[in-house]
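Q: In case you want the letters, here they are:
Protein chains: 2
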Amino acid sequence: MIAFSLRDIESWNRFYRANFINSLSGFKSACLIGTRSKSGVANLAIFSNIVHLGADPALIGFINRPKAAAPDTISNIEDTGVYTMNHIHPHMIEQAHQTSAKYDSSVNEFEAVKLNMLWRDDCKAPFVQESRIQYRLSLADIIPIPRNGTFLVTGYIEAVYLAEDLIDEDGFLPLEKYESITSLGLGSYYQPQKLMSLPYAKP
Amino acid sequence: MIAFSLRDIESWNRFYRANFINSLSGFKSACLIGTRSKSGVANLAIFSNIVHLGADPALIGFINRPKAAAPDTISNIEDTGVYTMNHIHPHMIEQAHQTSAKYDSSVNEFEAVKLNMLWRDDCKAPFVQESRIQYRLSLADIIPIPRNGTFLVTGYIEAVYLAEDLIDEDGFLPLEKYESITSLGLGSYYQPQKLMSLPYAKP
Chain A
1 MIAFSLRDIE SWNRFYRANF INSLSGFKSA CLIGTRSKSG VANLAIFSNI
51 VHLGADPALI GFINRPKAAA PDTISNIEDT GVYTMNHIHP HMIEQAHQTS
101 AKYDSSVNEF EAVKLNMLWR DDCKAPFVQE SRIQYRLSLA DIIPIPRNGT
151 FLVTGYIEAV YLAEDLIDED GFLPLEKYES ITSLGLGSYY QPQKLMSLPY
201 AKP
Chain B
1 MIAFSLRDIE SWNRFYRANF INSLSGFKSA CLIGTRSKSG VANLAIFSNI
51 VHLGADPALI GFINRPKAAA PDTISNIEDT GVYTMNHIHP HMIEQAHQTS
101 AKYDSSVNEF EAVKLNMLWR DDCKAPFVQE SRIQYRLSLA DIIPIPRNGT
151 FLVTGYIEAV YLAEDLIDED GFLPLEKYES ITSLGLGSYY QPQKLMSLPY
201 AKP
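Residue numbers (the working numbering), protein chains in the order written: chain A, 1 to 203; chain B, 1 to 203.
Treat each hint with caution, since some may be false.
Intra- or inter-copy, both count: the list cannot distinguish identical chains.
Said to hold, decoys possible - Simulated crosslink set (EDC-like; lysine to aspartate or glutamate; CA at most 20 Å straight-line):
1. 177 x 78
2. 177 x 158
3. 177 x 79
4. 194 x 176
5. 38 x 79
It should be emphasised that the hints constitute simulated quantities derived from the structure, not laboratory data.
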């Protein structure tokens with residue numbers, strides 16, 4: 001095997017190291033997060049570090065970079081308590097990726113990247129009309145990760161919208177049928193193909 | 001579109017809801033975490049909620065369920081400060097999945113599921129010999145997520161081992177060439193195929 005020590009990794013230039021470390025930790029569930037600011041500006045940004053925290057109550061988390069680097073989504077969520085998560089399919093990857101550009105807070109990324117806002121009556125945050133799987137969350141906690149200024153933002157699922165009902169009999173949502181993609185590193189996108197499903201494991 | 005309200009979701013039985021919510025949040029980077037207990041018992045368990053927190057220093061997080069449900073990995077990490085992460089390829093999925101069974105703390109899951117331990121001189125925790133991508137971490141913080149008793153465990157990457165050098169020129173690690181898999185829900189495994197790589201986005 002080939003070994004890299006911490007000293008090796010630290011010796012790499014920051015772009016090489018960022019690409020390597022960002023891909024080392026594996027495929028991520030890239031998703032578009034929709035919010036609205038206090039002053040009414042819609043915001044859309046791609047996030048890839050999303051975790052399942054619990055099913056009852058249904059609690060999801062995502063990692064937000066330090067506020068200096070990525071201020072809009074987290075401050076909108078702090079202000080309104082509401083956000084949406086929207087899956088990405090192959091025909092919207094370029095637009096989804098483009099939301100990672102550092103637009104000014106006054107810019108509506110939906111307009112900048114040409115995705116359509118979908119407003120629902122009961123929700124202060126916009127959904128992405130093109131997304132086949134959309135869900136609405138209410139903020140639970142913003143948990144600082146002290147070592148590097150990132151945050152774990154946790155929220156409760158309040159409603160789920162599916163383009164069509166492709167749910168398996170046991171509740172499993174076969175994301176490959178909705179063509180939801182996964183991401184790797186800073187800008188690579190993949191389509192997963194199912195290998196197998198295994199039952200609950202017992203000793 | 002089909003809409004499910006929180007009331008709908010809460011009305012489902014717990015298995016249906018667990019399957020649905022676990023898959024809704026997207027594809028995850030399943031990985032085997034190797035640890036050793038104070039008394040010397042090796043432990044191996046599959047984890048799927050893994051996040052990239054930063055590249056400099058290289059900081060990775062994973063979600064550990066409440067201690068009553070999943071005690072061994074987190075308590076071994078608390079005791080020794082060291083753990084390994086090991087990618088999963090298609091020929092070891094059944095064994096990797098089987099580590100999710102509730103074995104007693106006295107059981108060495110490597111032996112129970114027939115994966116080989118790889119001990120390296122400088123590391124108190126075992127690697128998985130069959131894994132093509134392995135890395136060693138030192139504990140940074142165990143951060144409680146108060147809403148449901150889960151934890152975000154963060155650690156610094158200390159060393160990385162690759163079966164062969166397939167790193168792209170820019171540092172990107174093309175996991176599809178190592179056949180690293182992704183998981184969905186409680187027991188489904190997928191092979192990602194690359195769709196595209198996009199450059200750093202600018203406004």
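Q: If the cutoff is 20 Å on CA atoms, where do residue 38 and residue 79 land: within, between, both or neither? Let me know, please.
A: This pair counts as within: shortest intra-copy Cα distance 6 Å, inter-copy 46 Å.
Q: What label fits residue 177 with residue 79 when the C-alpha limit is 20 Å: within, between, both, or neither?
A: neither (35 Å within a copy, 43 Å between copies)
Q: Is the C-alpha distance from residue 194 to residue 176 at most 20 Å within one copy, between copies, in both cases, or in neither?
A: So residue 194 and residue 176 pass the 20 Å test inside a copy (8 Å) and across (14 Å) alike.
Q: Checking residue 177 and residue 158: alpha-carbon separation at most 20 Å within a copy, between copies, both or neither?
A: For residue 177 and residue 158, the Cα distance exceeds 20 Å both inside one copy (23 Å) and across copies (39 Å).
Q: 20 Å Cα cut-off: does residue 177 pair with residue 78 within a copy, between copies, both or neither?
A: Intra 34 Å, inter 41 Å, cutoff 20 Å: neither.
Violated hints for the displayed structure, listed by number in ascending order: 1, 2, 3.
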